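Q: Chain residues, written in single-letter form:
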Amino acid sequence: MKKLVFSALTALTLISTAHAQQVVRIGTLADYAPFEYKDASGKLQGMEIEIGNKMCASMKVTCQWVTMDFDALIPALKARQIDAVLAQMSRTAEREKSVDFSRIFTTAPVHLVAKKGSGISHQPATLRGKTVGVQTASTHESYFRNRLPTSSSGINVKVYQSLDSAWLDLESGRIQAVFADSTVAHDWLAKGGQQAGFAFAGQAISDDAIFGAGTAIAVRKGDSQLKAQFDLAILGVHQNGYFQTVNKRYFPFSILPQ
Amino acid sequence: MDQLVSLLSQSWPALLDGLWISLQLLLLSCVLGFALAVPLAVARSSPRRWIALPSRLFMSAFRGTPLLVQIFILYYGLAQFEWVRDSALWLLVGDAFPCALLALTLNLAAYMAEDIRGGILGVPAGEKEAATAFGMSRLMVTWYIVVPRAIGISAPTLGNEIVLQLKSTALASTITVLDLTGVARRLSIESYTTDALLLAGLLYIVIAAVLSLLTRYGEACLNRHQLR
Numbered sequence: 001m002k003k004l005v006f007s008a009l010t011a012l013t014l015i016s017t018a019h020a021q022q023v024v025r026i027g028t029l030a031d032y033a034p035f036e037y038k039d040a041s042g043k044l045q046g047m048e049i050e051i052g053n054k055m056c057a058s059m060k061v062t063c064q065w066v067t068m069d070f071d072a073l074i075p076a077l078k079a080r081q082i083d084a085v086l087a088q089m090s091r092t093a094e095r096e097k098s099v100d101f102s103r104i105f106t107t108a109p110v111h112l113v114a115k116k117g118s119g120i121s122h123q124p125a126t127l128r129g130k131t132v133g134v135q136t137a138s139t140h141e142s143y144f145r146n147r148l149p150t151s152s153s154g155i156n157v158k159v160y161q162s163l164d165s166a167w168l169d170l171e172s173g174r175i176q177a178v179f180a181d182s183t184v185a186h187d188w189l190a191k192g193g194q195q196a197g198f199a200f201a202g203q204a205i206s207d208d209a210i211f212g213a214g215t216a217i218a219v220r221k222g223d224s225q226l227k228a229q230f231d232l233a234i235l236g237v238h239q240n241g242y243f244q245t246v247n248k249r250y251f252p253f254s255i256l257p258q
Numbered sequence: 001m002d003q004l005v006s007l008l009s010q011s012w013p014a015l016l017d018g019l020w021i022s023l024q025l026l027l028l029s030c031v032l033g034f035a036l037a038v039p040l041a042v043a044r045s046s047p048r049r050w051i052a053l054p055s056r057l058f059m060s061a062f063r064g065t066p067l068l069v070q071i072f073i074l075y076y077g078l079a080q081f082e083w084v085r086d087s088a089l090w091l092l093v094g095d096a097f098p099c100a101l102l103a104l105t106l107n108l109a110a111y112m113a114e115d116i117r118g119g120i121l122g123v124p125a126g127e128k129e130a131a132t133a134f135g136m137s138r139l140m141v142t143w144y145i146v147v148p149r150a151i152g153i154s155a156p157t158l159g160n161e162i163v164l165q166l167k168s169t170a171l172a173s174t175i176t177v178l179d180l181t182g183v184a185r186r187l188s189i190e191s192y193t194t195d196a197l198l199l200a201g202l203l204y205i206v207i208a209a210v211l212s213l214l215t216r217y218g219e220a221c222l223n224r225h226q227l228r
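Residue numbers (the UniProt record's numbering), protein chains in the order written: chain A, 1 to 258; chain B, 1 to 228.
Do not rely on the hints blindly, as some may be mistaken.
Coverage of chain B stretches by chain A, computed from C-beta distances (three or more under 8 Å per stretch; other residues unrestricted) [stated by the list, open to error]:
(1) 157-164
(2) 186-194
No more than 30 Å apart at the CA atoms, straight line, and that leaves these computed lysine-lysine pairs for DSSO-like [to be verified]:
(3) 167/B / 158/A
(4) 97/A / 43/A
(5) 167/B / 78/A
(6) 115/A / 158/A
(7) 221/A / 116/A
(8) 158/A / 130/A
Calculated Cβ distances over 10 Å to all of chain A for the following chain B residues [said to hold, decoys possible]:
(9) 24
(10) 69
(11) 94
(12) 96
(13) 210
The hints are simulated quantities; they were obtained by calculation from the structure and are not laboratory data. It should be emphasised that the depicted structure is a prediction, and the values quoted were computed from it without experimental measurement. Yeah, the Cβ is synthetic: ideal placement off N, Cα and C, and Gly gets one too.
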């Protein structure tokens, strides 16, 4: 028995040294369908997981997905618990003070979602006296804090640890709108939100200073080697058509950066 | 240290708001929880099963499940039923603060009731017999002799529950209540540092120290007849 365990151990060591690849720990979310989410069996799924795995293969690194709350991603990156963040994180000037970003990976237009016929639109005046739900540490939260603070706009903002909770509160009527990326909003609407009477409210809201040019992969400040590897890998999936193929399976519109 | 000072000078209004919400949750849940715990403990100690059983079920339900689960069930779980949203119950669970207060109160009541029940068991039989000998009815013995004595006996444990409850209030932040923890999380997210959380931790320590001083004073008052 002892011998068997010993030889098994030697075999394992041999295998692991044979594939001594660089390990990259990528921080992501567990509840951000359809980009990254855990299915019923607990397996991590989604568009960014698929493309991410493909990019890791092209970079010849072993990727380890680590899931956490959105607000924990940058602190974890800085604390060296993870090496990169792939979680639909918008590349903003604010975040660039703390981390470095790869080239733009996806575009992410932002939209309000509300009950059909509620009169809520992209015009701030239609939200006066109403409560809007946003995800914690998101650009959407930052938009309301900086552009439409409650004291002057009369709009109440509720901050949720995960977007899933915000959808639940929208359905129960505790909040009258959710402000999120149109991608995840589209997914929620398609999976039942529409049937429950909800829809996109008004037009997409644009504010480049707050929302950035799109989402990208964040790495630690000064980690130029990993950033360069990701830049190359992103360019690869954008150019060889893989991104577009996967994109089509998830959304009826393109989120390829222009 | 400089960082902490500058954080404090910038964010103290927000932290103070959060602290106030935390203290409101603590004080209200302790007062309401205690008021609920006394009848629960008396019912639980009753020799009649139909009185003891409901109280026993309530206590094991709330002591047997994590507070976080209770908060989530009350906040997100109940909100899924339309009849709840249309009923008066929605006044309680429709908003985050009253919902958190409800969960904290029920949870604390279950724990305090168990403590007071222990106190009831510890009331010397002689005192009850003496009261009966004076011609007191069973109801009078219970409310004038047993309950006050039981509260005195269980005072140290009750005081401990209050300090524990202070830390439980932090769970309210999980359902969007901006208590001290909620505010500290907001601030630490904006700065990508844990300084605000550290500051919140210090504030909790100060409150806990004040609370244990107060509860010790309360104990001394309750059991003053035993002081030598």
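Q: All hints, please: hold or fail.
A: Hints, verified against the model:
For the stretch 157-164 of chain B, the assignment as covered by chain A is violated, since 0 residues bring a beta-carbon within under 8 Å of that chain's beta-carbons and 3 are needed. Only residues whose C-beta sits within less than 8 Å of a C-beta in chain A count toward coverage, and the stretch 186-194 of chain B has 6 of them, enough to reach three; the restraint holds. At roughly 23 Å between alpha-carbon atoms, residue 167/B and residue 158/A fall within 30 Å of each other, so this suggested pair holds. Taking the CA atoms of residue 97/A and residue 43/A, the gap is about 34 Å. The hint is violated against a cut of 30 Å.
Between residue 167/B and residue 78/A the CA atoms are separated by roughly 28 Å; this keeps the pair inside 30 Å, and the hint holds. For the hint pairing residue 115/A with residue 158/A, the CA-to-CA distance comes to about 17 Å; that is within 30 Å, so the pair holds. Taking the CA atoms of residue 221/A and residue 116/A, the gap is near 44 Å; set against the 30 Å cutoff, the hint is violated. Restraint check for residue 158/A and residue 130/A: the C-alpha separation of about 11 Å stays at or below 30 Å, so the hint holds.
In this structure residue 24/B is separated from chain A by more than 10 Å, as the shortest Cβ-Cβ distance comes to about 19 Å. Residue 69/B, annotated as away from the interface, keeps every beta carbon of chain A farther than 10 Å; the closest lies near 15 Å. A Cβ of chain A approaches the Cβ of residue 94/B within 10 Å, the least distance being about 6 Å, so the stated non-interface status is violated. At roughly 8 Å from the closest C-beta of chain A, the C-beta of residue 96/B falls inside 10 Å, breaking its exclusion from the interface.
Its beta-carbon lying about 30 Å from the closest one in chain A, residue 210/B satisfies the requirement of being farther than 10 Å from that chain.
Consistency with the previously given hints fails for numbers 1, 4, 7, 11, 12, ordered from lowest to highest.
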